[in-house]
Amino acid sequence: METFAQSLVSGVLTGALYAMIGIGLTVVFGVMRIINLAHGEMVMLGMFGAFWGQKLWKLDPFVSLLVWTPLMFVAGVLLYRLLLRKIIPGGELNTLLYTAGLSLLVANLALLVWTGDYRTISLSYGVTVRPFGIAIAVPLAIAFVLAILITVTLGLFLSRTNLGRAIRATSQNPEASVLMGIDVERVAMVTFGLGTALAGAAGVLLAPSLYLYPTVGELLIVKCFVIVVLGGLGSVPGAIAGGILLGVVESLGAVYVSGAYKDGIGFVLFLAVLLYRPSGLFGAGR
Amino acid sequence: MKRRHLPALLGVAVLIAIPLSIRNSFFLHVCILILMWTVLGAAWNVLGGFAGQVSFGHAALFAVGAYTTIILYLKGGLAPWWGIPLGGLAAALVSVPIGLLCFRLRGPYFALATLAVAEIVKLVALNWESVTAGSVGYLITTLPSVRLFGLSVNWEAKTPFYAAAVALAVVALLTTGWLRNSRLGAYLVAIRENEDAAEAVGIDTVRAKVVTLALSAFLAGMGGGFYAFYFRYVDPDAVAGIGLSMEMVFIAVVGGLGTVGGPLIGAVFLTAVAELVRDRFQMGHLIFYGLFMMLVIRFMPEGIWGRVRRLTAGATAGA
Numbered sequence: 001m002e003t004f005a006q007s008l009v010s011g012v013l014t015g016a017l018y019a020m021i022g023i024g025l026t027v028v029f030g031v032m033r034i035i036n037l038a039h040g041e042m043v044m045l046g047m048f049g050a051f052w053g054q055k056l057w058k059l060d061p062f063v064s065l066l067v068w069t070p071l072m073f074v075a076g077v078l079l080y081r082l083l084l085r086k087i088i089p090g091g092e093l094n095t096l097l098y099t100a101g102l103s104l105l106v107a108n109l110a111l112l113v114w115t116g117d118y119r120t121i122s123l124s125y126g127v128t129v130r131p132f133g134i135a136i137a138v139p140l141a142i143a144f145v146l147a148i149l150i151t152v153t154l155g156l157f158l159s160r161t162n163l164g165r166a167i168r169a170t171s172q173n174p175e176a177s178v179l180m181g182i183d184v185e186r187v188a189m190v191t192f193g194l195g196t197a198l199a200g201a202a203g204v205l206l207a208p209s210l211y212l213y214p215t216v217g218e219l220l221i222v223k224c225f226v227i228v229v230l231g232g233l234g235s236v237p238g239a240i241a242g243g244i245l246l247g248v249v250e251s252l253g254a255v256y257v258s259g260a261y262k263d264g265i266g267f268v269l270f271l272a273v274l275l276y277r278p279s280g281l282f283g284a285g286r
Numbered sequence: 001m002k003r004r005h006l007p008a009l010l011g012v013a014v015l016i017a018i019p020l021s022i023r024n025s026f027f028l029h030v031c032i033l034i035l036m037w038t039v040l041g042a043a044w045n046v047l048g049g050f051a052g053q054v055s056f057g058h059a060a061l062f063a064v065g066a067y068t069t070i071i072l073y074l075k076g077g078l079a080p081w082w083g084i085p086l087g088g089l090a091a092a093l094v095s096v097p098i099g100l101l102c103f104r105l106r107g108p109y110f111a112l113a114t115l116a117v118a119e120i121v122k123l124v125a126l127n128w129e130s131v132t133a134g135s136v137g138y139l140i141t142t143l144p145s146v147r148l149f150g151l152s153v154n155w156e157a158k159t160p161f162y163a164a165a166v167a168l169a170v171v172a173l174l175t176t177g178w179l180r181n182s183r184l185g186a187y188l189v190a191i192r193e194n195e196d197a198a199e200a201v202g203i204d205t206v207r208a209k210v211v212t213l214a215l216s217a218f219l220a221g222m223g224g225g226f227y228a229f230y231f232r233y234v235d236p237d238a239v240a241g242i243g244l245s246m247e248m249v250f251i252a253v254v255g256g257l258g259t260v261g262g263p264l265i266g267a268v269f270l271t272a273v274a275e276l277v278r279d280r281f282q283m284g285h286l287i288f289y290g291l292f293m294m295l296v297i298r299f300m301p302e303g304i305w306g307r308v309r310r311l312t313a314g315a316t317a318g319a
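So the sequence lines, in the order shown, correspond to chains A and B.
Residue numbering for the first sequence follows the numbering used here, beginning at 1 and increasing consecutively.
Residue numbering for the second sequence follows the numbering used here, beginning at 1 and increasing consecutively.
It should be emphasised that the hints constitute simulated quantities derived from the structure, not laboratory data.
Treat the hints loosely; a few may be bogus.
To be verified - Per label pair, the in silico range of CB-to-CB distance:
{"id": "1", "chain 1": "A", "residue 1": "Gly91", "chain 2": "B", "residue 2": "Glu275", "range": "45 to 55 Å"}
{"id": "2", "chain 1": "B", "residue 1": "Leu100", "chain 2": "A", "residue 2": "Arg277", "range": "13 to 23 Å"}
{"id": "3", "chain 1": "A", "residue 1": "Val257", "chain 2": "B", "residue 2": "Arg310", "range": "52 to 62 Å"}
{"id": "4", "chain 1": "B", "residue 1": "Asn127", "chain 2": "A", "residue 2": "Glu2", "range": "24 to 34 Å"}
{"id": "5", "chain 1": "B", "residue 1": "Ser25", "chain 2": "A", "residue 2": "Gly91", "range": "55 to 65 Å"}
{"id": "6", "chain 1": "B", "residue 1": "Leu311", "chain 2": "A", "residue 2": "Thr115", "range": "34 to 44 Å"}
{"id": "7", "chain 1": "A", "residue 1": "Thr120", "chain 2": "B", "residue 2": "Trp178", "range": "53 to 63 Å"}
To be verified - Under the rule of at most 20 Å between Cα atoms (straight-line distance), these lysine to any residue pairs were calculated in the SDA-like manner:
{"id": "8", "chain 1": "A", "residue 1": "Lys262", "chain 2": "B", "residue 2": "Asp237"}
{"id": "9", "chain 1": "A", "residue 1": "Lys86", "chain 2": "B", "residue 2": "Phe299"}
{"id": "10", "chain 1": "B", "residue 1": "Lys158", "chain 2": "B", "residue 2": "Thr142"}
{"id": "11", "chain 1": "A", "residue 1": "Lys86", "chain 2": "A", "residue 2": "Leu219"}
{"id": "12", "chain 1": "A", "residue 1": "Lys262", "chain 2": "A", "residue 2": "Val273"}
{"id": "13", "chain 1": "A", "residue 1": "Lys262", "chain 2": "B", "residue 2": "Ile242"}
{"id": "14", "chain 1": "A", "residue 1": "Lys86", "chain 2": "B", "residue 2": "Arg298"}
{"id": "15", "chain 1": "A", "residue 1": "Lys262", "chain 2": "B", "residue 2": "Thr142"}
{"id": "16", "chain 1": "A", "residue 1": "Lys55", "chain 2": "A", "residue 2": "Val113"}
{"id": "17", "chain 1": "B", "residue 1": "Lys158", "chain 2": "B", "residue 2": "Ile242"}
{"id": "18", "chain 1": "A", "residue 1": "Lys86", "chain 2": "B", "residue 2": "Asp237"}
{"id": "19", "chain 1": "B", "residue 1": "Lys158", "chain 2": "B", "residue 2": "Phe231"}
{"id": "20", "chain 1": "A", "residue 1": "Lys86", "chain 2": "B", "residue 2": "Leu295"}
{"id": "21", "chain 1": "A", "residue 1": "Lys86", "chain 2": "B", "residue 2": "Lys75"}
{"id": "22", "chain 1": "A", "residue 1": "Lys262", "chain 2": "B", "residue 2": "Leu295"}
{"id": "23", "chain 1": "B", "residue 1": "Lys158", "chain 2": "B", "residue 2": "Asn127"}
{"id": "24", "chain 1": "A", "residue 1": "Lys262", "chain 2": "B", "residue 2": "Leu126"}
{"id": "25", "chain 1": "A", "residue 1": "Lys262", "chain 2": "B", "residue 2": "Phe231"}
{"id": "26", "chain 1": "A", "residue 1": "Lys55", "chain 2": "A", "residue 2": "Tyr211"}
{"id": "27", "chain 1": "A", "residue 1": "Lys262", "chain 2": "B", "residue 2": "Val12"}
{"id": "28", "chain 1": "A", "residue 1": "Lys86", "chain 2": "B", "residue 2": "Leu291"}
{"id": "29", "chain 1": "B", "residue 1": "Lys158", "chain 2": "B", "residue 2": "Ala79"}
{"id": "30", "chain 1": "A", "residue 1": "Lys262", "chain 2": "B", "residue 2": "Ser135"}
{"id": "31", "chain 1": "A", "residue 1": "Lys262", "chain 2": "A", "residue 2": "Leu219"}
{"id": "32", "chain 1": "B", "residue 1": "Lys158", "chain 2": "B", "residue 2": "Trp81"}
{"id": "33", "chain 1": "B", "residue 1": "Lys158", "chain 2": "B", "residue 2": "Leu20"}
{"id": "34", "chain 1": "A", "residue 1": "Lys262", "chain 2": "B", "residue 2": "Trp128"}
{"id": "35", "chain 1": "A", "residue 1": "Lys86", "chain 2": "B", "residue 2": "Met300"}
{"id": "36", "chain 1": "A", "residue 1": "Lys262", "chain 2": "B", "residue 2": "Thr175"}
{"id": "37", "chain 1": "A", "residue 1": "Lys262", "chain 2": "B", "residue 2": "Leu15"}
{"id": "38", "chain 1": "A", "residue 1": "Lys86", "chain 2": "B", "residue 2": "Met294"}
{"id": "39", "chain 1": "A", "residue 1": "Lys55", "chain 2": "A", "residue 2": "Leu66"}
{"id": "40", "chain 1": "A", "residue 1": "Lys58", "chain 2": "A", "residue 2": "Ile121"}
Just so you know, even glycine gets a beta-carbon here, dropped at the ideal spot from N, CA and C.
Produce the entire structure from the sequences given, and follow the hints as far as they go.
Shown next as structure tokens:
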């Protein structure tokens, strides 16, 4: 029973961070109908941002969130303006292939600059506490709380502000949004910046809890697909549920099913959902 | 008609002339790589270029071919020229259930599903140790002694592998050429351009796609079988990684989607890039793969060969 509670808790903690990565991918898909295969590399950049911030400027990784999130937002906006905007009219498969190229380019440039070494971030408060006999790593718990804060802020932004409403409207029906006077081009730009910023922020939060290496994005993007498909592509609540579900399934799977096939459970779940509930487990997506 | 066959004949002449005139074994090695990648690019192109179904999981089919061939050889003593086609056949068989499952999805969803399938296949290869030897992999230490036309084949030379690679590449390109002019090819283009319309005019789209995937898998599986014998080593990371799937995509895209000659051009281009930059930085060729991919999609989405063909067609029409 204790093992169960333990894996449930660590699953939920990791799952919240997965969810944050998934939200970034899913809002971009919702507005632009593109699957950004380079999303994992954005997370990787966030992780390395946290690492170098600590290494070079003694900046606490969680404080460096304030630096990297806006920077990643700007990077996303520029990426959209300078590169992606010209590609999107060519169709979704062109965009898919283009972002695949981008993913390879960024990951391997990082490999060239930072080498393939595995790095870790050590924190003075990087200890494990045991409330009610359940081991919780402090950095992961802080990341969890911050992830929830960011997600709630994002939710408020999407539901309460004009720009947020415009994003949701575009996501539901781009043509009607244009007719209602929404500048869809600007919405797409902001959304892409937002998606990139979320990925970068999730990377910063994950950095103290994971190994850092340039090709980590490959692993994360695959998890990310599982999450957004579980929740329904384009749905933010779906991505949250999908992220937590995947975190829990992985964590329970590692304990109760053979550790070797642990990663396979996620994929099988993924295929099953794609085939039988392509709109997502919760039917919230479209 | 005659003029159309001229480039093909010229190509065959060049392919025969290469090992006869050049004795540099590194150069021959590069040629073998180019031909192997041509086969793989063509395999991907059949599905991705003609039918517009982007697969990110072709490494799975390559892996099935590679494992089948190497296991048949090591455990059953089956010679390469039987093992490689059987590897292709095994990949084609495996592809049918994969196709029936994944083709229920369209566009990007299909791409994601193939990615998941490939990851599952890789996990199976890693963990089904009684069959695949797990992460240790299989190693071929000796190849069979064979006499051909009274001469014993020297496996240490590159020439026999070169001949095999030429044969496979010719098969792959002929298959693509046949497909382009066949009824199935026309179905596939219809599916690529508008799947609903294709269905509305009575095309059994799922069947057409499954058959095409099997064809594509056959080519990819034979490529895998060839890889197993040429590199003499098969393990899950080498033959089932996501990077391999991506390289197949890149070759087809850079060469020219939905063209016959495209994969050859793409393979020449990317192998050349890989070999040129390999000394300078270890993983550097992947940077260029990514970069070229982006440039091609941005500036000539029809690929190098597609652009060349369009330009020459324009010139002939103008003349």
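Structure-based check of each hint:
The hinted range of 45 to 55 Å is not satisfied by glycine 91 of chain A and glutamate 275 of chain B, whose Cβ atoms lie roughly 33 Å apart. Remark: the range hint 13 to 23 Å for leucine 100 of chain B to arginine 277 of chain A is upheld by a beta-carbon distance near 18 Å. At roughly 53 Å, the beta-carbon separation of valine 257 of chain A and arginine 310 of chain B lies within the given 52 to 62 Å, and the hint holds. At roughly 28 Å, the beta carbons of asparagine 127 of chain B and glutamate 2 of chain A sit within the given window of 24 to 34 Å.
At roughly 44 Å, the beta carbons of serine 25 of chain B and glycine 91 of chain A sit outside the given window of 55 to 65 Å. Remark: the range hint 34 to 44 Å for leucine 311 of chain B to threonine 115 of chain A is upheld by a beta-carbon distance near 43 Å. A hinted range of 53 to 63 Å holds for the C-beta pair threonine 120 of chain A and tryptophan 178 of chain B, which are about 55 Å apart. Distance hint between lysine 262 of chain A and aspartate 237 of chain B is fulfilled; the C-alpha atoms sit about 18 Å from each other, no more than 20 Å.
The straight-line distance between the Cα atoms of lysine 86 of chain A and phenylalanine 299 of chain B is roughly 10 Å, inside the 20 Å bound, and the hint therefore holds. Between lysine 158 of chain B and threonine 142 of chain B, the direct Cα distance comes to roughly 15 Å. Compliance with the 20 Å bound is thereby established for this hinted pair. A C-alpha spacing of about 28 Å is found between lysine 86 of chain A and leucine 219 of chain A, which places the hinted pair above 20 Å, so the restraint is violated. Between the alpha carbons of lysine 262 of chain A and valine 273 of chain A the distance comes to roughly 18 Å, so the proposed pair stays at or under 20 Å and holds.
Pair hint lysine 262 of chain A plus isoleucine 242 of chain B holds up; C-alpha atoms about 18 Å apart against a cutoff of 20 Å. Taking the CA atoms of lysine 86 of chain A and arginine 298 of chain B, the gap is near 7 Å; set against the 20 Å cutoff, the hint holds. Distance hint between lysine 262 of chain A and threonine 142 of chain B is unfulfilled; the C-alpha atoms sit about 37 Å from each other, more than 20 Å. Note on lysine 55 of chain A and valine 113 of chain A: the hinted pairing holds, with a Cα-Cα distance of about 16 Å set against a maximum of 20 Å.
Distance restraint check for lysine 158 of chain B and isoleucine 242 of chain B: the Cα-Cα separation of roughly 28 Å exceeds the 20 Å cut-off, and the hinted pair is therefore not satisfied. A threshold of 20 Å between alpha carbons decides the hint, and for lysine 86 of chain A with aspartate 237 of chain B the separation of about 36 Å lies outside it, so the pair is violated. Between lysine 158 of chain B and phenylalanine 231 of chain B, the direct Cα distance comes to roughly 11 Å. Compliance with the 20 Å bound is thereby established for this hinted pair. Between lysine 86 of chain A and leucine 295 of chain B, the direct Cα distance comes to roughly 12 Å. Compliance with the 20 Å bound is thereby established for this hinted pair.
The straight-line distance between the Cα atoms of lysine 86 of chain A and lysine 75 of chain B is roughly 53 Å, outside the 20 Å bound, and the hint therefore fails. A C-alpha spacing of about 38 Å is found between lysine 262 of chain A and leucine 295 of chain B, which places the hinted pair above 20 Å, so the restraint is violated. For the hint pairing lysine 158 of chain B with asparagine 127 of chain B, the CA-to-CA distance comes to about 34 Å; that exceeds 20 Å, so the pair is violated. Annotation: proposed proximity of lysine 262 of chain A to leucine 126 of chain B holds, straight-line Cα distance about 12 Å (limit 20 Å).
Note on lysine 262 of chain A and phenylalanine 231 of chain B: the hinted pairing is violated, with a Cα-Cα distance of about 31 Å set against a maximum of 20 Å. Between the alpha carbons of lysine 55 of chain A and tyrosine 211 of chain A the distance comes to roughly 15 Å, so the proposed pair stays at or under 20 Å and holds. Simply put, lysine 262 of chain A and valine 12 of chain B have alpha-carbon atoms about 49 Å apart, too far for the 20 Å limit, and the pair is violated. Note on lysine 86 of chain A and leucine 291 of chain B: the hinted pairing holds, with a Cα-Cα distance of about 16 Å set against a maximum of 20 Å.
Straight-line distance between C-alpha atoms of lysine 158 of chain B and alanine 79 of chain B comes to about 18 Å, which keeps the hinted pair within the 20 Å bound. Between the alpha carbons of lysine 262 of chain A and serine 135 of chain B the distance comes to roughly 16 Å, so the proposed pair stays at or under 20 Å and holds. For the proposed pair lysine 262 of chain A and leucine 219 of chain A, the alpha carbon gap of about 14 Å is at most 20 Å, so the pair holds. Simply put, lysine 158 of chain B and tryptophan 81 of chain B have alpha-carbon atoms about 16 Å apart, close enough for the 20 Å limit, and the pair holds.
Restraint check for lysine 158 of chain B and leucine 20 of chain B: satisfied, since their Cα atoms lie roughly 12 Å apart, inside the 20 Å limit. Between the alpha carbons of lysine 262 of chain A and tryptophan 128 of chain B the distance comes to roughly 14 Å, so the proposed pair stays at or under 20 Å and holds. With a CA separation close to 12 Å, the supplied pair lysine 86 of chain A and methionine 300 of chain B stays within the 20 Å bound. Using a Cα cut-off of 20 Å, the hinted pair lysine 262 of chain A and threonine 175 of chain B is violated, with the two alpha carbons roughly 40 Å apart.
The hinted pair formed by lysine 262 of chain A and leucine 15 of chain B fails the criterion: a straight-line CA distance of about 48 Å is larger than 20 Å. Between the alpha carbons of lysine 86 of chain A and methionine 294 of chain B the distance comes to roughly 11 Å, so the proposed pair stays at or under 20 Å and holds. This hinted pair checks out: lysine 55 of chain A and leucine 66 of chain A have alpha carbons roughly 17 Å apart, not beyond 20 Å. For the hint pairing lysine 58 of chain A with isoleucine 121 of chain A, the CA-to-CA distance comes to about 11 Å; that is within 20 Å, so the pair holds.
Of the hints listed earlier, those the structure fails to meet are numbers 1, 5, 11, 15, 17, 18, 21, 22, 23, 25, 27, 36, 37, in rising order.
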